[in-house]
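Could you slot chain L with the ligands onto chain A? The hints should help.
Protein chains in written order, with the working numbering: chain A, 1 to 220; chain L, 221 to 467.
By construction, these hints were calculated from the structure, which means they are not laboratory data.
Fair warning: there could be bad hints in the mix.
Straight-line C-alpha distance at most 20 Å; calculated SDA-like pairs for lysine to any residue [as the list claims (entries may be wrong)]: (1) A:Lys188 with L:Arg459; (2) L:Lys238 with A:Tyr93; (3) L:Lys331 with L:Arg459; (4) L:Lys325 with A:Ala87.
Okay, the calculated bits of chain L under chain A, using three or more residues with CB under 8 Å as the criterion [unchecked claim]: (5) 260-273; (6) 291-300; (7) 317-325; (8) 370-377; (9) 422-428; (10) 431-442.
Incomplete in silico selection of chain L near chain A, CB under 8 Å [what the hints assert, rightly or not]: (11) Tyr242; (12) Val414; (13) Arg459; (14) Leu462; (15) Ser465.
Glycine included, each C-beta is placed from N, C-alpha and C at the ideal position.
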Amino acid sequence: MGGLLKSSVAKKFAMALSGLFLVLFLAQHFTINLTSVISPDTFNSWSHFMGTNILVQGILQPILIFGVVFHFIMGFVLEIQNRNARAKSYVSYNGSANSSWMSRNMIYSGAVVLAFLGLHFYDFWVPELVHKYIESHPEDATRYYGELVAKFVSPVRTGLYVVSFVFLMLHLLHGFSSSFQSMGVNNKYSEGIRKFTVGYAIIIPLGFIFIAVFHYFNNL
Amino acid sequence: MKLTLKIWRQENATAKGKMVDYNIDGIDGDMSFLEMLDVLNEELVNKGEQPVEFDHDCREGICGSCSLQINGEPHGPDKFITTCQLHMRTFKDGDTIVIEPFRAKAFPVIKDLIVDRTAFDRIQQAYGYISVNTSGNTIDANTIPIEKENADDSFNAATCIGCGACVAACKNASAMLFTSAKVSQFALLPQGEVEADRRVLAMVEQMDKEGFGNCSNTGACELECPKGISLENIARMNREYLKASVK
Ligand code: HEM
Ligand code: SF4
Ligand code: FES
Chain A
1 MGGLLKSSVA KKFAMALSGL FLVLFLAQHF TINLTSVISP DTFNSWSHFM
51 GTNILVQGIL QPILIFGVVF HFIMGFVLEI QNRNARAKSY VSYNGSANSS
101 WMSRNMIYSG AVVLAFLGLH FYDFWVPELV HKYIESHPED ATRYYGELVA
151 KFVSPVRTGL YVVSFVFLML HLLHGFSSSF QSMGVNNKYS EGIRKFTVGY
201 AIIIPLGFIF IAVFHYFNNL
Chain L
221 MKLTLKIWRQ ENATAKGKMV DYNIDGIDGD MSFLEMLDVL NEELVNKGEQ
271 PVEFDHDCRE GICGSCSLQI NGEPHGPDKF ITTCQLHMRT FKDGDTIVIE
321 PFRAKAFPVI KDLIVDRTAF DRIQQAYGYI SVNTSGNTID ANTIPIEKEN
371 ADDSFNAATC IGCGACVAAC KNASAMLFTS AKVSQFALLP QGEVEADRRV
421 LAMVEQMDKE GFGNCSNTGA CELECPKGIS LENIARMNRE YLKASVK
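Isolated chain A (complex conformation) (with noise of 0.2 Å):
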């Protein structure tokens, strides 16, 4: 990393181009939950791709991880140069006087979407990987659904995602239109960037929820 990232410019290159990569990938796993909500048998052979594809498994899935984690290590790097860059803190600060709360706590709305990942990876992957590879269980094309709903029969849960989805909209209110200016883009389009981000920002984790939230009381 070190030569290419040496520089603040081109670092906020990188964290721009990794979270533009995850609101690209966010958008797809989008796409596929919802229609666990329309056709469980489209749920199923979807994911089924999904998680046989040998392209996806063996090349996308690599390249997500990777970028989930750069992302978010080089979130941290940022926030702690950017905090050692005020040696000594204002008695009186007034942020929102001249920027957005969003804007000011991305380390803290991208915190909870890193705890949530945890809670996700826990959730989904570790019983995928457990599936395949420690039990070797053969392939079941149908039994993603059944996986799906069972998660969220827990009140508990389905609330933890619900709050989480509402960090993500936080974070990605600011970090999708930022990560534009970030690689250099502000012209006669921005406005429509920023509108059209605004949109995404809002509809796709309130999607998520609604996703949620519809298997909870489907389940009752």
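Frame of chain A; chain L with the ligands shown alone:
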């Protein structure tokens, strides 16, 4: 009007420093903020106490030296002005005003409210200039036609007075707005284009070396800048930097 002032007092660069309360009376709404501090200092001197040290020079918003953090905002609550252009009518009788130096690791306090902003000078010296032959065959700048839009943007970037409010406002004490204004004013003109790559790499490197933070795109700098330097300059610098790095 009658005011309570909470002011940062620090004997010298190494002293610890603390906030000290002062009560002041008879302040007129038409006084500037610095005139109010003059009144306080006169009282302090008459009492045999050390006056509050603060930076100032032009007192008309062009030199950029009067940098104070007032109630948590650089240059106080009003927009597009420097501290010397801030008037006491902005405040109400009985108000408490917190006055601190601009805080950044790269801007160490020299005394009381005065900070050392030579980090900005060093960023400028790193490549905030163009190399022109001045040995007798100089070409008049006006003979080179420049697109109106670029000329305007360059001029706007050049209005940065180096006050440091962008750094003071930023939660990361980032100097991106200042540096990008200095990069942009040349990058937009044919005279500056020749050395554009070397310039942006050198100035960003110096900016990082000084210990300023990274940009989180909060936009605080743009809103607190007395000259309204736009965030477009930061995007332009990012572009210039990335372009120069891949060459
Ligand atoms: C699905 C998950 C996530 C997505 C889609 C996402 C997306 C983004 C995007 C697009 C940016 C903007 C980059 C820029 O302004 O240049 C960003 C910034 C940031 N992200 Fe994330 N992020 C995610 C998870 C996380 C996690 C787990 C952390 C861990 C702490 C994190 C920490 C940060 C921080 C600190 C920034 C701000 C960096 C700065 O501007 O100084 N993010 N994120
Ligand atoms: S960009 Fe604005 S706030 Fe920053 S130093 Fe220049 S004039 Fe001051
Ligand atoms: S004293 Fe010169 S800008 Fe305020």
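Consistency of the hints with the structure:
Between A:Lys188 and L:Arg459, the direct Cα distance comes to roughly 16 Å. Compliance with the 20 Å bound is thereby established for this hinted pair. In summary, the hint linking L:Lys238 to A:Tyr93 is supported, as the alpha carbons are separated by about 16 Å, within the 20 Å threshold. Proposed proximity of L:Lys331 and L:Arg459 is contradicted: the alpha carbons are some 38 Å apart, above 20 Å. Proposed proximity of L:Lys325 and A:Ala87 is supported: the alpha carbons are some 5 Å apart, at most 20 Å.
Beta-carbon proximity to chain A at under 8 Å applies to 0 residues in the stretch 260-273 of chain L; the threshold of 3 is not reached and the given coverage is violated. Restraint check on the stretch 291-300 of chain L versus chain A: 4 residues with Cβ-Cβ distances below 8 Å, three needed, restraint holds. Counting residues of the stretch 317-325 of chain L whose C-beta sits closer than 8 Å to any C-beta of chain A gives 5, which meets the bar of three, so the coverage hint holds. Coverage of a stretch by a chain is defined here by at least three residues with a beta carbon nearer than 8 Å to that chain's beta carbons; for the stretch 370-377 of chain L and chain A the count is 0, and the condition is violated.
With a cut-off of 8 Å between beta carbons, the stretch 422-428 of chain L has 4 residues touching chain A; three or more are needed, and the interface restraint holds. Taking a C-beta to C-beta cut-off of 8 Å, the stretch 431-442 of chain L contributes 10 residues in contact with chain A, enough for the three needed, and the coverage statement holds. The closest approach between the C-beta of L:Tyr242 and any C-beta of chain A is roughly 15 Å, which is over the 8 Å cut-off, so the hint fails. Annotation: L:Val414 was flagged as interfacial toward chain A, and the flag is violated, the nearest CB pair being 21 Å apart, outside 8 Å.
Taking 8 Å as the C-beta contact cut-off toward chain A, the hint placing L:Arg459 at the interface holds, the least distance being around 3 Å. A least Cβ separation of about 6 Å between L:Leu462 and chain A falls short of the 8 Å threshold, and the interface hint therefore holds. Of the supplied interface hints, the one on L:Ser465 holds, with its beta-carbon coming within about 7 Å of a beta-carbon of chain A, less than 8 Å.
In the structure shown, a violation is registered for the earlier hints numbered 3, 5, 8, 11 and 12, in ascending order.
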